[in-house]
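Those protein sequences? They're chains D and P, same order as listed. Residues in the first sequence are numbered from 1 upward in steps of one, following this note's numbering. Residues in the second sequence are numbered from 400 upward in steps of one, following this note's numbering.
Some hints could be false.
Said to hold, decoys possible - Pair by pair, the computed Cβ-Cβ distance ranges are: (1) F373/D <-> Q730/P: 28 to 38 Å; (2) A447/P <-> A309/D: 31 to 41 Å; (3) E413/P <-> S384/D: 33 to 43 Å; (4) D353/D <-> K663/P: 48 to 58 Å; (5) N34/D <-> V677/P: 35 to 45 Å; (6) I204/D <-> S403/P: 42 to 52 Å; (7) D401/P <-> N34/D: 35 to 45 Å; (8) K181/D <-> S403/P: 36 to 46 Å; (9) A447/P <-> K394/D: 42 to 52 Å; (10) G528/P <-> G361/D: 40 to 50 Å; (11) S403/P <-> R264/D: 28 to 38 Å; (12) R599/P <-> I206/D: 54 to 64 Å; (13) S403/P <-> K394/D: 19 to 29 Å; (14) A309/D <-> G737/P: 36 to 46 Å.
Unchecked claim - Straight line, CA to CA, 27 Å or less: simulated DSSO-like cross-link-like pairs of lysine-lysine: (15) K257/D <-> K29/D; (16) K377/D <-> K394/D; (17) K394/D <-> K727/P; (18) K746/P <-> K727/P; (19) K257/D <-> K53/D; (20) K394/D <-> K239/D; (21) K256/D <-> K727/P; (22) K352/D <-> K377/D; (23) K181/D <-> K394/D; (24) K663/P <-> K394/D; (25) K352/D <-> K29/D; (26) K727/P <-> K285/D.
I should point out that these hints are in silico values taken from the structure, not numbers from a laboratory. Computed from a prediction, not measured in an experiment: that's the story for all the values here. The beta carbon of each residue, even a glycine, is placed where N, CA and C say it ideally should be.
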Amino acid sequence: MNIELTSADRAFRDEVRTFLGTSLPPDIKRRVENGLELGREDYASWHRILYEKGWVAPAWPVDHGGTGWTPMQRYLYDEESAAASAPRIMPFGVNMVGPVIFTFGSAAQKARYLPRILSGEDWWCQGYSEPGAGSDLASLRTRAVRDGDVYVVNGQKTWTTSAHWADQIFCLVRTDPDAAKPQQGISFLLIDMQSPGIEVKPIITIDGGHEVNDVFFEDVRVPVENLVGEENRGWTYAKFLLSFERAGIADVGRSKKQLAGLKRIAAAELSDGRPLSEDDRFREKIAALEIDLLALEYTELRALSRQNAGEEPGTEANILKIRGTEIQQRITELTLEAVGSYANPYVPEALKDGWNEEPIGPEYAAGAAPRYFNWRKASIYGGSNEIQKGIVAKLVLEL
Amino acid sequence: MDLSYSEDQTLLAESIARFIQNDYDFETRSRIAGSDLGFDPAAWKQFAALGWLGIPFSEEAGGLGADAVAVMILMEQFGRGLVVEPYVPSILLGGGLIAAAGTEAHRSRYLGDLIAGRIQLAFGHGEPGGRYALAHVATRAEARAGGFTLTGRKAVVHNAAAADFIIVSARSDGEVRAPEGISLFVVPRGSSGLGLRPYRTIDGLRAAEVELDGVEVGEDALLGEVGGAYPTVEAVTDRAVAAVCAEAVGVMDLLRETTLEYLKTRQQFGRPLGTFQVLQHRSVDMLIACEEARSLALMATLNLDRTSPERRRAVSAAKAHIGTAGRKVGQEAVQLHGGMGVTDELKVGHYFKRLTMIDTFFGDSAHHLDRFAGHV
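Assemble the whole structure, with the sequences as input and the hints as a guide.
As structure tokens, then:
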């Protein structure tokens, strides 16, 4: 047992830090640092830089373009990226559909899709949830009916993040409505977003932002070679996808960065003529949050040590998701509290690129309320925290 | 970085777990806790024979020279067994202070006997009205020819009545809460003017109020420099706090496992309680609390050898969190056991009481939250 990083890991961290220091475009860094919105082009240009460096898909097998890093190195990379205010890499291609394709896909699918995921040429989105299938995902009803060498797809997906930016969508569709169990009649299809019959409609969230969409399918014709693996086995692939990219689910590095930002705001805000950071009650709230984050960090580090020793990742990911998102939400909540009444002005343009008017209130206040409202999503997406608890109760506690 | 146990560490954990399983079941523990002495001298001899009493001491002092992780492993298992033997007051506090502040003469005089299980120690530090302020020492040490005269009162001194020597903090200089001016003295229990009012604690341990009414000790009773003991007291109590955090992890895990077992077997409304979603989710909350407590106890332990600000923050983070998480797990364990949870018969209540009292050991959750934030 040893708390110090090995010299190899320290050298790795320094290498990552140096790369980020020289390669992250200052404008993107500034926007992330100040909680401003990023456009598709911002994400895409950082994706390209990482691709050229060979670092865009650390968790992939080396044969497919991965880095061969250890779980600890991947953790350090995530932590350094967050500390440097690098944007996140959109997960839908690299972390989600990519692993499904290189594990279950045909040779043709691998050759066609994987290079374009790595290069950022294809943007992906995820067609899972439906209006009637949220937590109960297996009740999904979007139909795919075989007609010669195509599937004809009809139905609706929802909460589809980045559908308005995406070139491709991976979808869970029902191919056998008469299967004995709902999980058994589902297939995993790759669909070109340019296909006739697809319509994307924005969903505006309570922060006023546009991240998610409804996606409608009307007689969309999908070549059968776009089926991943076997027909009616899609649920298996979907579960694999959920279990694949577990590292980083707690997002400790990003929360550390956000917490540091909260502390800066608390030091700048005045309460009774003194910095809010010196107010006993507020200080105590921040201290408790910081300790929670330490507990999360060490829970993740313990899991990493087990993985480095060769153990398969277990269900700790569910716990990390629950606590990780609770802590993220708590940071947004205390940040909202810290900015006080300047949480009120609603000027969405102030968060967008190119806005250069005088801010209303302190500059850091503009994003606080939208971020708080937006981040309520975290305990709902990716399997709500209640679903996560159900999984832990079943698989770990065997209740 | 590697946060998994080495082979030796796994073996140590297994040997202690085996002792608990074979020689220290809950009935045995209850009998020992209810005995006149409050612990089992035979078990203590066994600890000595197994080398456990020497874990934190250097090989020169006759110990094993193991690191803090070994103490953590031991204390976690002691927590699981709800062991009442005075390892923390005698070995970690008493022995820890002598090892850290004593001269070569002190170490050879006391540590060999301590590690062999021939003597018991205690640490009289906290005082009535001092709450958890570590520098609160009103007890006076007046220099006199050939030694010192000690006058004052110490509160809730664990293991005092069984101790052959009580290490007492006393002030020769400075204000009551000043870190400067505090000294440590080794006081034989039979000293004239030393009055003990022993009692049982709510969690089955033994402690006493200690009155020092002009107790005279020789110059050789002084541990370390006159007036300079505070950093030692802080470092040694930080080690003890990290150790009780590990003990709390063992207590919490045992409570959680026992409660889970109960939920799987207890039938109501024609089915096991564990099939109700509200209880499933609460069980998961208990699991999360236990995992986080384990993570922080480990973090505290691994920071004990670091410099003071880092050590202090790490230890206080763990103690603050475990105070709160322990309360939650203890209360939930009782609640989920229903009426049986509040009976003396079940072990749940006894573990709950120990967990609750751990929070009062050298600073509760609120105290350590403040200390973590840098304001103590």
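Results of checking the hints against the structure:
1. F373/D <-> Q730/P: 28 to 38 Å: The hinted range 28 to 38 Å holds for F373/D and Q730/P, with Cβ atoms some 33 Å apart.
2. A447/P <-> A309/D: 31 to 41 Å: About 34 Å separates the Cβ atoms of A447/P and A309/D, which means 31 to 41 Å holds.
3. E413/P <-> S384/D: 33 to 43 Å: Cβ of E413/P to Cβ of S384/D: about 39 Å, so the range 33 to 43 Å holds.
4. D353/D <-> K663/P: 48 to 58 Å: Because 56 Å falls inside the window, the suggested range holds.
5. N34/D <-> V677/P: 35 to 45 Å: Because 42 Å falls inside the window, the suggested range holds.
6. I204/D <-> S403/P: 42 to 52 Å: Holds, at about 47 Å.
7. D401/P <-> N34/D: 35 to 45 Å: Cβ of D401/P to Cβ of N34/D: about 38 Å, so the range 35 to 45 Å holds.
8. K181/D <-> S403/P: 36 to 46 Å: 39 Å, holds
9. A447/P <-> K394/D: 42 to 52 Å: Between A447/P and K394/D, where Cβ atoms are some 46 Å apart, the hint holds.
10. G528/P <-> G361/D: 40 to 50 Å: 47 Å, holds
11. S403/P <-> R264/D: 28 to 38 Å: At 36 Å between Cβs, range holds.
12. R599/P <-> I206/D: 54 to 64 Å: 57 Å, holds
13. S403/P <-> K394/D: 19 to 29 Å: Holds, since S403/P and K394/D (Cβ atoms, about 26 Å apart) stay within the stated range.
14. A309/D <-> G737/P: 36 to 46 Å: At 41 Å between Cβs, range holds.
15. K257/D <-> K29/D: 13 Å, holds
16. K377/D <-> K394/D: Status holds; Cα separation ~24 Å.
17. K394/D <-> K727/P: At roughly 22 Å apart (the allowed maximum being 27 Å), K727/P and K394/D satisfy the hint.
18. K746/P <-> K727/P: Holds: K746/P and K727/P sit about 17 Å apart, inside 27 Å.
19. K257/D <-> K53/D: Holds, because 24 Å separates the two Cα atoms, which is no more than 27 Å.
20. K394/D <-> K239/D: Distance of about 15 Å is within 27 Å: holds.
21. K256/D <-> K727/P: Measuring from Cα to Cα gives roughly 26 Å; hence the hint holds.
22. K352/D <-> K377/D: The hint holds at about 21 Å.
23. K181/D <-> K394/D: 19 Å, holds
24. K663/P <-> K394/D: Answer holds: K663/P to K394/D is near 12 Å, not above 27 Å.
25. K352/D <-> K29/D: Satisfied, since the Cα-Cα distance of roughly 14 Å is no more than 27 Å.
26. K727/P <-> K285/D: Since the Cα atoms of K727/P and K285/D sit roughly 18 Å apart, the hinted pair holds (cutoff 27 Å).
When each numbered hint is compared with the structure, no violation occurs for any of them.
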